[in-house]
Amino acid sequence: MTEAMTSGTIVRRRLIFLAPLVAFGVLAGYFIWGLNPDRHPHDLPSAMIDRPVPEFSLPTIEGMAGLGLSADDLRTGEVTLVNFFASWCVPCRLEHRYLLELAKDDKVRLYGVNYKNEPAEARAWLTGLGNPYGRIGADSTGRVGIDWGVYGVPETYIIDRTGRIRYRQLGPIDQKALDETIRPMIRKLSQ
Amino acid sequence: MIPEIGHFAMILALLVALVQGSVPIIGASRGNAAWMDVARPAALLQLVLIIIAFLALMWAHVVSDFTVLNVVQNSHTTKPLLYKITGLWGNHEGSMVLWVLILAAYGAAVAVFGGNLPPPLRARVLSVQAWIAIGFLAFSLLTSNPFERIFPAPINGNDLNPLLQDPGLAFHPPMLYSGYVGFSMAFSFAIAALIEGRVDPAWARWVRPWTLVAWCFLTAGITLGSWWAYYELGWGGWWFWDPVENASFMPWLMGTALLHSAIVVEKRDALKAWTILLAILTFSLSLIGTFIVRSGMLTSVHAFATDPERGLFILLLLCVAIGGSLILFAVRGPSLQPGGLFAPVSREGALVLNNLLLVAACGTVFLGTLYPLFLEAVSGDKISVGPPFYNKTFVPIMVPLIAAMAVGPFLAWKRADLAGVLGRLKLAFAAAVAAALGAVALEGGPVLAVLTMGLAAWLLVGTLAEWAERIRLFRVSPGESVRRARSLPRSAHGMTLAHAGLAIAMAGMVAAAAWKAESVKVMRPGESVDLAGYTYRLERVEPVQGPNYSSNMAFVTITRGDRLVAQVTPEKRLYPVQQMPTTEAGIHTTGLADLYVVIGDPDAAGGWTVRIFYEPMVPWIWAGVLLMVIGGGVSLSDRRLRLGAPARRAKAPAGATPARA
Chain A
1 MTEAMTSGTI
11 VRRRLIFLAP
21 LVAFGVLAGY
31 FIWGLNPDRH
41 PHDLPSAMID
51 RPVPEFSLPT
61 IEGMAGLGLS
71 ADDLRTGEVT
81 LVNFFASWCV
91 PCRLEHRYLL
101 ELAKDDKVRL
111 YGVNYKNEPA
121 EARAWLTGLG
131 NPYGRIGADS
141 TGRVGIDWGV
151 YGVPETYIID
161 RTGRIRYRQL
171 GPIDQKALDE
181 TIRPMIRKLS
191 Q
Chain B
192 MIPEIGHFAM
202 ILALLVALVQ
212 GSVPIIGASR
222 GNAAWMDVAR
232 PAALLQLVLI
242 IIAFLALMWA
252 HVVSDFTVLN
262 VVQNSHTTKP
272 LLYKITGLWG
282 NHEGSMVLWV
292 LILAAYGAAV
302 AVFGGNLPPP
312 LRARVLSVQA
322 WIAIGFLAFS
332 LLTSNPFERI
342 FPAPINGNDL
352 NPLLQDPGLA
362 FHPPMLYSGY
372 VGFSMAFSFA
382 IAALIEGRVD
392 PAWARWVRPW
402 TLVAWCFLTA
412 GITLGSWWAY
422 YELGWGGWWF
432 WDPVENASFM
442 PWLMGTALLH
452 SAIVVEKRDA
462 LKAWTILLAI
472 LTFSLSLIGT
482 FIVRSGMLTS
492 VHAFATDPER
502 GLFILLLLCV
512 AIGGSLILFA
522 VRGPSLQPGG
532 LFAPVSREGA
542 LVLNNLLLVA
552 ACGTVFLGTL
562 YPLFLEAVSG
572 DKISVGPPFY
582 NKTFVPIMVP
592 LIAAMAVGPF
602 LAWKRADLAG
612 VLGRLKLAFA
622 AAVAAALGAV
632 ALEGGPVLAV
642 LTMGLAAWLL
652 VGTLAEWAER
662 IRLFRVSPGE
672 SVRRARSLPR
682 SAHGMTLAHA
692 GLAIAMAGMV
702 AAAAWKAESV
712 KVMRPGESVD
722 LAGYTYRLER
732 VEPVQGPNYS
742 SNMAFVTITR
752 GDRLVAQVTP
762 EKRLYPVQQM
772 PTTEAGIHTT
782 GLADLYVVIG
792 DPDAAGGWTV
802 RIFYEPMVPW
812 IWAGVLLMVI
822 GGGVSLSDRR
832 LRLGAPARRA
842 KAPAGATPAR
852 A
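Chains as they are written, first to last, in the working numbering: chain A, 1 to 191; chain B, 192 to 852.
In case anyone wonders, no lab produced these hints; they're calculated from the structure. These numbers come from a predicted model, not from an experiment. Honestly, I wouldn't trust all of these hints.
[To be verified] Computed cross-link-like contacts, BS3-like style, restricted to lysine-lysine with a CA-CA straight-line distance of at most 25 Å:
#	chain 1	residue 1	chain 2	residue 2
1	B	K712	A	K104
2	A	K107	B	K583
3	B	K707	B	K583
[Stated by the list, open to error] Beyond 10 Å from chain A on every Cβ pair, some chain B residues (computed):
#	residue
4	L642
5	G670
6	V820
C-beta atoms are modelled at their ideal positions from N, C-alpha and C, and glycine is treated no differently.
Using the sequences and the accompanying hints, generate a full structural model.
Right, dumping it as structure tokens:
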């Protein structure tokens with residue numbers, strides 16, 4: 001710029017050049033918070049553990065035969081697994097075979113919450129991969145997920161006979177989680 | 192003994208980096224030529240030392256030295272030799288050695304080819320490179336030493352994650368890191384320019400080829416990873432918007448913007464501060480990508496062994512590197528002289544639009560990737576962001592970008608005639624309409640897919656039309672056109688190839704997303720299933736024994752009418768050491784589509800779950816990307832950008848910026 005700059009434009013120019021630094025400062029603050037050793041993205045906030053399941057009532061997936069899911073269904077005196085899933089969720093594919101195994105071999109009561117999913121896609125998913133769920137609630141807006149404190153799909157909750165949340169599995173169930181945590185937990189709660 | 196040699200070599204490399212990071216830059220500020228000259232031998236010595244460390248670690252992997260913890264955790268005696276070698280970088284510690292090796296290689300390249308750089312600039316660039324090396328060597332040595340011993344040595348190792356035992360993924364990390372780390376060159380040049388307080392076209396001529404090298408590697412690396420996910424995971428998709436994928440995609444978007452803004456600096460001496468900022472941000476995103484992947488802060492399907500201590504160290508590195516360079520930018524940036532003026536409708540204007548859209552696209556990916564973290568920090572709510580978010584935000588930004596991409600290369604520098612240019616794009620417009628109508632006739636919808644297919648045709652034909660116009664194809668004799676094509680700068684051919692490649696890849700992406708067909712069925716040998724005009728017959732399933740796995744291999748015959756199309760052999764493998772099954776998809780490509788077969792588990796009645804995907808135009812994605820990388824390579828061979836061009840060329844009059852027709 002050939003014309004002499006007024007002090008106002010110089011200050012403004014300096015502020016513009018400062019903006020990226022400020023933005024990074026904010027970002028770094030979040031990163032530091034994110035690294036907090038007390039924060040475990042894989043754990044349930046302790047507030048939810050041992051609390052009764054939040055009240056909700058969901059219809060089943062549009063266009064599907066079968067029953068919907070509500071909080072009352074989780075208070076019938078039986079240990080229940082509630083699995084949040086979606087067809088767009090990649091890790092859900094990984095865990096699906098274990099869910100089928102749980103439902104078929106272990107005779108565990110397994111209910112599903114279909115999280116923010118197009119009904120057609122969810123139906124295709126269940127017909128294609130097999131449906132392990134006794135009941136499915138369609139949480140198309142994610143509202144119920146917020147009440148449960150769902151961080152992302154897949155997530156699986158173990159509900160005891162009195163309808164309290166006793167365990168939360170964040171991320172896909174694998175062989176290790178199945179053998180070391182989920183099966184022992186179910187066994188313990190069923191006694 | 193050999194692992195210790197590697198360890199010592201790495202410590203020595205750190206010490207050399209300390210010298211390289213201090214003496215030359217002090218020499219540059221004092222005008223002391225002898226001190227500046229320290230940079231070149233130091234950069235070469237650093238490379239030699241890190242090669243020694245790298246080879247030592249490779250030796251431990253190849254001979255299965257189970258006294259080395261890293262080998263125990265990632266290898267097994269029965270693992271094939273290829274994966275013993277590539278297993279080196281299939282884990283956190285080893286991949287950091289690869290990271291610093293590539294960094295040192297780039298530094299050495301400046302030392303070798305940088306003969307025509309002004310000595311103070313060269314000294315400063317190499318010192319900044321050394322600072323990065325100091326950070327990562329210290330990180331490696333202090334928190335993730337790959338040479339750590341274990342005693343007593345176990346009898347055998349834990350094997351490498353079977354998903355990583357694959358030729359596609361074996362070469363994905365070196366490519367990807369060559370891209371990530373390659374952007375450190377643009378970063379070092381940007382920091383050096385800020386310290387000197389001077390950015391001129393010569394500077395941009397140096398930055399552009401390095402950025403282009405990094406961009407080519409990153410493009411190839413991301414695609415290799417995507418290709419691997421496509422055929423190895425057996426999910427029938429090729430991109431999942433996973434945080435780790437996004438971590439590599441963000442520097443790509445930003446680096447693409449940098450590539451284009453550097454052209455404006457080189458040709459028109461404008462957008463200097465912006466280009467410097469892009470160079471800093473591109474490398475910063477590479478670093479943030481490294482941080483996200485290894486800190487365990489976000490949940491992802493790709494798991495690196497994560498560790499909060501490492502996360503903290505990388506965060507510290509991030510703060511020093513990014514924060515430091517942005518402070519420098521805030522202090523020195525305002526004093527950079529703004530350059531040439533231009534009208535909004537001009538080549539410069541188009542490149543600015545390209546930059547804004549690419550940066551905005553990068554911003555949406557960044558937000559989608561980190562939003563769960565932000566929200567959790569602010570409100571405690573935990574949410575997830577999936578493909579629906581990106582379809583609504585990323586795609587709408589890409590649409591105007593692609594639309595403008597066909598127009599941009601036609602525009603003249605400084606001031607252009609938009610109406611005239613649009614007039615010359617009639618053919619492209621006709622092609623777009625034809626492609627959209629063709630899509631409607633063949634598939635019928637959805638609307639967005641039809642429109643974007645038209646857009647891909649618009650870009651392809653528009654790009655080719657611009658090239659044809661330059662060589663005056665069909666307007667002069669063919670011989671004259673060939674002569675013109677020969678005299679055209681190679682970077683012009685490179686641009687045409689890269690833009691056309693994007694158009695082809697985009698058509699593939701759209702078609703694969705919109706018109707994919709899928710069928711899942713329990714099949715017994717002898718049964719067949721029809722999908723999208725093809726008949727798939729499961730002939731038999733045979734057990735096969737691999738070197739370190741056992742497998743069920745299915746033989747599936749694909750026919751169309753009476754004609755035999757292909758036989759594919761999808762496999763379900765089990766790796767006993769890690770007790771992990773993997774899927775090998777059986778894929779036959781027709782060029783227009785992939786016929787994709789995956790075999791699942793058997794049931795009690797002798798049936799097998801068979802998943803069949805009809806993946807339309809997926810081969811176009813790979814072909815298009817390959818064309819983009821080739822375009823980058825052709826551009827690199829341009830004499831004006833050629834690495835190590837003889838000094839006399841670089842000393843051409845500073846104002847001599849050859850017009851691009």
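Evaluated hints:
1. B:K712 x A:K104: OK: K712 (chain B) and K104 (chain A) at ~18 Å, within 25 Å.
2. A:K107 x B:K583: Status violated; Cα separation ~41 Å.
3. B:K707 x B:K583: Holds, at about 20 Å.
4. L642: Non-interface label stands for L642 (chain B): nearest chain A Cβ at 21 Å, farther than 10 Å.
5. G670: For G670 (chain B), whose nearest Cβ neighbour in chain A is about 49 Å away, the distance exceeds 10 Å, so it holds.
6. V820: holds, 26 Å
Of the hints listed earlier, the one the structure fails to meet is number 2.
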